[in-house]
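Protein chains in written order, with my numbering: chain A, 3 to 149; chain B, 205 to 358.
Any given hint might turn out to be false.
Listed below are the simulated SDA-like cross-link pairs for lysine to any residue, each with C-alpha atoms no more than 20 Å apart in a straight line [as the list claims (entries may be wrong)]:
id	chain 1	residue 1	chain 2	residue 2
1	A	103	A	57
2	A	103	B	253
3	A	32	B	291
Hints listed in this document are in silico derivations from the structure and should not be mistaken for laboratory results. Everything numeric in this text was worked out from a predicted model, so none of it was measured.
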Amino acid sequence: MVYQVAYSVLANAADAEQVTQGVFLRAFRKLGGLREPERFRGWVARMSWRLALNRRRSLARALRRDGAWLLGLAAPREDAEALAAGNELQARLREEIPPDKLRAALLLSAIEGLDARSVSAILRIPEGTVRSRLHLARRRLLERLSP
Amino acid sequence: MTPCPEWRDRVTEHALGLPAGDRLAAHLAGCVGCAGALAALRARAGELDAALRGLVAVEPSPDLPARVLARLDAAPAPRWPRRMAWVAASLIIALGVAVGLYRTPPPTPLARELSRWRSPAEALLRAPVEPQLTTVPRLGEIFFEVEPGGRDAL
Numbered sequence: 003m004v005y006q007v008a009y010s011v012l013a014n015a016a017d018a019e020q021v022t023q024g025v026f027l028r029a030f031r032k033l034g035g036l037r038e039p040e041r042f043r044g045w046v047a048r049m050s051w052r053l054a055l056n057r058r059r060s061l062a063r064a065l066r067r068d069g070a071w072l073l074g075l076a077a078p079r080e081d082a083e084a085l086a087a088g089n090e091l092q093a094r095l096r097e098e099i100p101p102d103k104l105r106a107a108l109l110l111s112a113i114e115g116l117d118a119r120s121v122s123a124i125l126r127i128p129e130g131t132v133r134s135r136l137h138l139a140r141r142r143l144l145e146r147l148s149p
Numbered sequence: 205m206t207p208c209p210e211w212r213d214r215v216t217e218h219a220l221g222l223p224a225g226d227r228l229a230a231h232l233a234g235c236v237g238c239a240g241a242l243a244a245l246r247a248r249a250g251e252l253d254a255a256l257r258g259l260v261a262v263e264p265s266p267d268l269p270a271r272v273l274a275r276l277d278a279a280p281a282p283r284w285p286r287r288m289a290w291v292a293a294s295l296i297i298a299l300g301v302a303v304g305l306y307r308t309p310p311p312t313p314l315a316r317e318l319s320r321w322r323s324p325a326e327a328l329l330r331a332p333v334e335p336q337l338t339t340v341p342r343l344g345e346i347f348f349e350v351e352p353g354g355r356d357a358l
């Protein structure tokens, strides 16, 4: 689940693995600070989300810093392997997934074991907001990808 | 199948799981176009949901757990939570200050010797009435009877 949350943000296996390692290291160090052990799963998922966002921001900063020529190299950062393995519908889905807030709710909700409540805890938004964003995102996809 | 334009939005919402309501249900019962569109949209929504789950159902490389464990082994032992560390440090400091304030050092042998020493002339400095001066008088008891010119009253 930690890896999948990171992957949903980064869409790259190597980056998601880096984040996963970081999450477990940080969780190991901060385990004493967890007051309610039954919240471990949500705690780790939230940590994974935050670290993945941080990594995405730092990658974006590095791209800006190192010059526009690097953008050409960075464009295929999404796994070519994963793209090849997916079917045509998944490829179109990748292109049509709405950005930002709707994207987060949509992708996290698609992860097995994460319900609206878990997603609301990760994103720190009300459960109702998660449901409405999810519905809006699904509706947009259905309208754009219907034959 | 193409739904009726005025029902398109409601049919799409219903395909995504929202309840139909009486009016839409009645319309669907009588409109072949909308009923067909609903079935097609439902099927498509199911395909999209499955594709979406497929997008995020990725597995890390098989050696990732071993790498994580190796990094955990190499990591230093977890520190105390910061708040606990502050509380513990404060308690230790407070205890140290209290002990430092209230604990007097034991007297050295020389100091003990000096405190026991009495001057030989000390007895000469005592007034003969000292017991009377240091004793609390009891009711009905007379210690002094000072009369004018009466030196023998003592």
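Hints, verified against the model:
1. A/103 to A/57: Measuring from Cα to Cα gives roughly 18 Å; hence the hint holds.
2. A/103 to B/253: Holds - the C-alpha atoms of residue 253 of chain B and residue 103 of chain A are around 18 Å apart, at most 20 Å.
3. A/32 to B/291: holds (17 Å)
In this structure, every one of the numbered hints holds.
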